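Mind docking chain B on chain A? Use the hints.
2 protein chains.
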Amino acid sequence: MSFIKQYRCTLCDQTFAYNKHIMTCPSCCEKGILDIEYDYESMRKFVDLNYFKNQKDFSMWRYIHLIPVENKHIDQMLHIGWTPLYRVNALEKQLKVKQLYIKDEGVNPSASLKDRASAVAVLKAIECGYDSVSCSSTGNAASSLACHASRMGLKSFIFVPKRAPVGKLNQLLIYGAKVFYVDGDYKDAFNLSKDAIDAYGWYNRNAAINPHLVEGKKTVALEIAEQLNFSLTNWVAVSVGDGCTIAGVYKGFYDLFQLGLIKKIPKLLGVQSTGCSPFVDAYLNGEPIKEVEENTIADSISVGIPRNPVKAINAVKKTLGAWIAVTDEQILESMKILGSSEGIFGEPAGVAALAGVKEAIKNKIIKENETVTIIMTGNGLKDPLNAQKAVKAPALVKPRLEDLKQILEIKGEKRHA
Amino acid sequence: MSFIKQYRCTLCDQTFAYNKHIMTCPSCCEKGILDIEYDYESMRKFVDLNYFKNQKDFSMWRYIHLIPVENKHIDQMLHIGWTPLYRVNALEKQLKVKQLYIKDEGVNPSASLKDRASAVAVLKAIECGYDSVSCSSTGNAASSLACHASRMGLKSFIFVPKRAPVGKLNQLLIYGAKVFYVDGDYKDAFNLSKDAIDAYGWYNRNAAINPHLVEGKKTVALEIAEQLNFSLTNWVAVSVGDGCTIAGVYKGFYDLFQLGLIKKIPKLLGVQSTGCSPFVDAYLNGEPIKEVEENTIADSISVGIPRNPVKAINAVKKTLGAWIAVTDEQILESMKILGSSEGIFGEPAGVAALAGVKEAIKNKIIKENETVTIIMTGNGLKDPLNAQKAVKAPALVKPRLEDLKQILEIKGEKRHA
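Read top to bottom, the protein sequences are chains A and B. At position 172 of the first sequence the residue is numbered 172 (our numbering), and the sequence of numbers has no breaks. At position 170 of the second sequence the residue is numbered 170 (our numbering), and the sequence of numbers has no breaks.
Honestly, the hints are just simulated from the structure, not real lab data. There is no bait here: all hints are sound.
Identical chains share a label here; the pair holds if one copy fits it or two copies do between them.
Restricting the straight-line Cα-Cα distance to at most 30 Å, the calculated cross-link-like pairs of lysine-lysine (BS3-like) are:
1) K162 with K405
2) K45 with K56
3) K72 with K336
4) K96 with K155
5) K162 with K392
6) K336 with K96
7) K336 with K162
8) K263 with K53
9) K290 with K194
10) K178 with K414
11) K98 with K336
12) K72 with K98
Since we're looking at a predicted model, the values are computed, not measured.
Chain A on its own, in the form it takes in the complex:
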């Protein structure tokens, strides 16, 4: 059942009839990113607490009636979503926060949250009769698209900037994508992909163009709400690059609010790296978004010109949330903290949200009696070179107990009686 009502342009606020072939606002063109609006009144009669209680599909497709795709081919997809939400007691104590949860998106098929959006793109491409999909990406959007395209028998054409980490590049190639490794930054890769998509007529998965992708990403918020029994934490923190993920998180909570299933949308904490923080800069200076340098190890959020500023800014503003920036050192430290206290290994952009929460607690943006959910967006195995910066390589030891004893006794380990 589809509850789609219409498109609304996030720039000019005009509404248009929904048409799956239209991507951006006919008036504002490319900058006019569209939002899909639903008929919540009708939806409410169908999607209520019982709807969730009786769902037996433990994947993102349990929300099929809130996602603008036809209910076809879903059983052939790889398993995406219904990722674990962990209460992290050890970390909670360390951070001195009332309640802390981590949503681990690293266990998705291509190891990041982006699988949720790419799955929708691939289904939409099939629905619209395409045999090829394309996007530009710093890594995760691309690998997730290549992953699901390969599974569903589509070709994928991917544009990556030069700084994409080796783990992510290999992943693309293993999935059989046609990769264009662009001698430039994200902006160059994005522009070239746009031109090529126009010229060759591939399905466009660029999240800041295609309005369906946010609707895939929002399922992470729907899951968090359901996993917390619709009693949400005061804050939800997520790292921000293009702005599409935080827009998706907002949209998921917005849906639930409109359905009367939650009373309040959590405050959203948008986290960026100080090496690339256009949203934070604009927020602190009260100015419009300006292009900035892309200078951080957190490649997934290293976006100098965010392509989805309106939705992202609204998400934080409407929830009375906040923006915060953290250094690459804080990101690496958080990688180690999360791994060693909870057994969760996140990539730099994934653990940036944890670093942001630490900083926000320090700055009293998040108060001691508040509760927090962190969305850990991607698996640390995707970026071994940066993980290596977070740890100290062990020295080689001779295979002799005597040598070992010396090391252990310096560390204060006691021998068995």
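Using the frame of chain A, we list chain B on its own:
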């Protein structure tokens, strides 16, 4: 409820009362690996089709009554198991086999099947009052142990051989393990860990010593059976190093057979690399296992002296299965085939089973009208350097459409009208 009956030594066949503190046979010592036997008659009254049908726990702990751990602390563990089993139609056609399934173990918390065993080890260590756990490992056993130890607040001491891939080493360090990077091969690391465990009194997670670990690994077979509605494929293929995983797979099916839930145990195909194939050599030559060189890219199955030969050999023999070896080239080719046709990225040891199935089909060991399940044991992101060998790195392209057109038109891509 515990249905444990007794221990039986796999070497001398003597039985002993179960005692969680005893690891190996009191008569045969270290080589006398123990098997945990259950009271299937009592178990049958409790664990039937309805038991499975009514289970609401979608993790390995849905089988808690078949696992020798107390039902404590389980809700604090990371989410392990109930991994997807995919029908892989595209691959099925390529391989010309009647039905083909892949069990994707790469989406476990530390990204391999070993999480199932390490979880049992960590719970058992807590049960027995230990605060530290230890093992030697070529990688996955170690990272999974470090992962779950960290989550559950235990210290971990890990012995890895020099050739452990960088991705796996980083993972250990991120999880906060104390890593001993042994200047030698797996055998050296194993022996040093044994001495240190004796000297320092840590809990021993070495799979070839600790009889509980196979009981964790067996849950992969229980899941496959349940996901196939207890109608199993003719074959189940898995890569083999130490021999513990294939022993676990056998044990899972054996449990179900004893419970009357399956009529026949599938034939097991044990797959090794030609660079390190002690089981295959012994099988082909009809001789006992001999020590061999460790010379393969598939580090997880690069074990020159298998520590669990008896259980592994029995698993193949009793199911009328087979042993097969594949080259590293075939392994790399399978990595690409699985990724590009199904969107699943496996590590070398993970995709070795697929290479083995291809080879077994070629050699008419697996017939055209037979059905097959492949256990894909670990995520490809764990080993980026070998993944790189499987693919061709893309050349840098200038960010200009004109340059792109040349490349695409050589490849035969047509431009939009």
